[in-house]
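Colleague: Sequences and hints are given; from them, build the entire structure.
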Amino acid sequence: MAQHESDSLITTEVSAAETARSEIPDETVLRAEELDVYYGEEQALDDVTIEIPDRKVTAIIGPSGCGKSTFLRCINRMNDQIPSCRVDGSLAFQGKDVYDEDVDPVALRRKIGMVFQKPNPFPKSIRDNVAYGLTVQGKTENVDERVEESLRAAALWDEVNDQLDSSGLDLSGGQQQRLCIARAIAPDPEVILMDEPTSALDPVAASKIEDLIADLAEEYTVVIVTHNMQQAARISDKTAVFLTGGNLVEYDDTATIFEDPEHDRVEDYITGKFG
Amino acid sequence: MSTETDPNSGITGGDADAHRRRDRRIRRLLFGCTSITVLTTVAIFAVLFDNTFNFFYDVRFHEWLIGLVTEFRLFPEQRVAITEFLFDTEWRPSHADDPRFGILPLAAGTLLVTVGAAFVSIPIGTATALYLSEYARPRTRKYLKPTLEVLAGVPTIVYGFFALTFITPNIIAPVAAAFGYDVGRFSALSGAIVVGIMTIPMVASISEDAMSSVPDELRNGAYALGASKFSVSTSVVLPASISGVMASYILAVSRAIGETMAVALAAGVTPRLTTNPLAEIQTMTAFMVDSTRSTMLVGSVEYQSLFAVGLALFIMTLAANLVNDYVKRSYREVYR
Chain A
1 MAQHESDSLI
11 TTEVSAAETA
21 RSEIPDETVL
31 RAEELDVYYG
41 EEQALDDVTI
51 EIPDRKVTAI
61 IGPSGCGKST
71 FLRCINRMND
81 QIPSCRVDGS
91 LAFQGKDVYD
101 EDVDPVALRR
111 KIGMVFQKPN
121 PFPKSIRDNV
131 AYGLTVQGKT
141 ENVDERVEES
151 LRAAALWDEV
161 NDQLDSSGLD
171 LSGGQQQRLC
181 IARAIAPDPE
191 VILMDEPTSA
201 LDPVAASKIE
211 DLIADLAEEY
221 TVVIVTHNMQ
231 QAARISDKTA
241 VFLTGGNLVE
251 YDDTATIFED
261 PEHDRVEDYI
271 TGKFG
Chain B
1 MSTETDPNSG
11 ITGGDADAHR
21 RRDRRIRRLL
31 FGCTSITVLT
41 TVAIFAVLFD
51 NTFNFFYDVR
61 FHEWLIGLVT
71 EFRLFPEQRV
81 AITEFLFDTE
91 WRPSHADDPR
101 FGILPLAAGT
111 LLVTVGAAFV
121 SIPIGTATAL
131 YLSEYARPRT
141 RKYLKPTLEV
151 LAGVPTIVYG
161 FFALTFITPN
171 IIAPVAAAFG
181 YDVGRFSALS
191 GAIVVGIMTI
201 PMVASISEDA
211 MSSVPDELRN
221 GAYALGASKF
231 SVSTSVVLPA
241 SISGVMASYI
251 LAVSRAIGET
261 MAVALAAGVT
271 PRLTTNPLAE
281 IQTMTAFMVD
291 STRSTMLVGS
301 VEYQSLFAVG
311 LALFIMTLAA
321 NLVNDYVKRS
331 YREVYR
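Here the protein sequences come in this chain order: A and B.
Oh and the first sequence: position 250 is 250 in the UniProt record's numbering, straight run, nothing missing.
Oh and the second sequence: position 328 is 328 in the UniProt record's numbering, straight run, nothing missing.
These are computed hints drawn from the structure, not numbers from a lab.
What you were told as hints is all true, and nothing was included just to trick you.
With a Cα cut of at most 20 Å, we get these calculated EDC-like pairs of lysine to aspartate or glutamate: (1) A:K273 - A:D260; (2) A:K111 - A:E190; (3) B:K229 - B:E217; (4) A:K118 - B:E217; (5) B:K229 - A:D102; (6) B:K229 - B:E134; (7) A:K118 - B:D216; (8) B:K229 - A:E101; (9) A:K124 - B:E217.
Since the model is a prediction, treat every value here as computed from it, not as a measurement.
Modeller: See the structure below:
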């Protein structure tokens, strides 16, 4: 626990602490080993091995179609919704392979929240949106407190506290996305997956979400897929670069990836020479 | 280059007027077809109203209107009091000595069948829609939905026959007997069940369309929060599609109100103010079928009562359609 606290203190500081932070040994929360994913005949992920540390922000970057989102959706088994999807290899959450027979994907998703590319609030009130996860998970105690805490944590409380009963759809796009973040953290998951959470938002709204992600890493492990390299550089501790064919080409501290990547292809991608 | 029009540019020419005329002709033709529907509706209403007026006042509305204008004849004497029509509890228009024209027994018959039918079609139709939209594999849905829609195309007289020869003797009678009740050849329950079955496809098909159009993002959002499939179906998909689902209910109800042949065969021809579903009753529509087949004098009160009942039916289904419109508008959620 002490380990975590020191981690999160550092995480809130800016990149000057980058090197210091990387020296602290990470506790792995997610570990993929030789993970292959197929959609029918097509291979979407090829032999991915990665260890994602607890209470850090891990960014996943790469060109379109490189398997970033596929990887993300493997973690909470959202790929189960796609009938043609097949997964080989192992993907462990807190040491337990999430594709084991005895794993209940519903229970898994209660530990691993997700925020999507397009804000997708339910056509319900703001309060009911945030409380939805609590309701379906049977956590019916102190719902109002949890709703308020989550909205505060998502930096939305001050904007909506006087309209909790109005529809979540009446909010602006950026507010809707923060509502979705509040909704994801209300049931208090361990990990939050974010699939290009700012790509549908204007720059001001996007920067609010970025600030929020840094705060979230104090309590949660954040894995974020992004198309925006500056964003990855700004907010993440670790960066994984996927290139075409579903290959994880390089995975390291964000500073290393952006300043001194090992592979030329990664450097080309980051400097915009391809992708 | 000058600003003068180049005669050889090809964008001017003598065809312009011809094109305009053609467009106008086509527009008039299409408008003509459209107006047939509108005019028919207006004509039906006018005939119903004209004759209903005759039922109450022994003079057709348009005749009275002409009389009023040419000879200043004011309101004629009432033949049947409107209060009798609305509140009397007896309907026996062909009674020789004491005919009575209280629509309540017929309206109650229609209501009994309609409410009973809703208890069948709404739960089963909604469950079917949820299954097709949320649970069925794409292949299953591909074959099942057209099958369901075929069910909607079965002639209603066939359903009535089915109720008379199968539902009543093989389902209702044994069950009623087990509880110590006796049930005759006709019963409101039989009519309600068969009209309910008949309107299941309507509820299922329209609700399924509404549920399928709920964006997948909402489902994924709920799944990602650890919702089970049942939670996603009932707490996200159903509320998000509620306007379409409600619309299907109201359409089914309005169809049940107007349904004729099945109830005429299944529910009977005895007007009776009752809430007992095992009793033989008569609906408004069944009365109209029955009367038009019997030998009655054109122009008699009994004959005119057909129009009054018809107008009442017309108003009921119109009301249902207006409610449908209102529900659709007020429940509509806009997805961005």
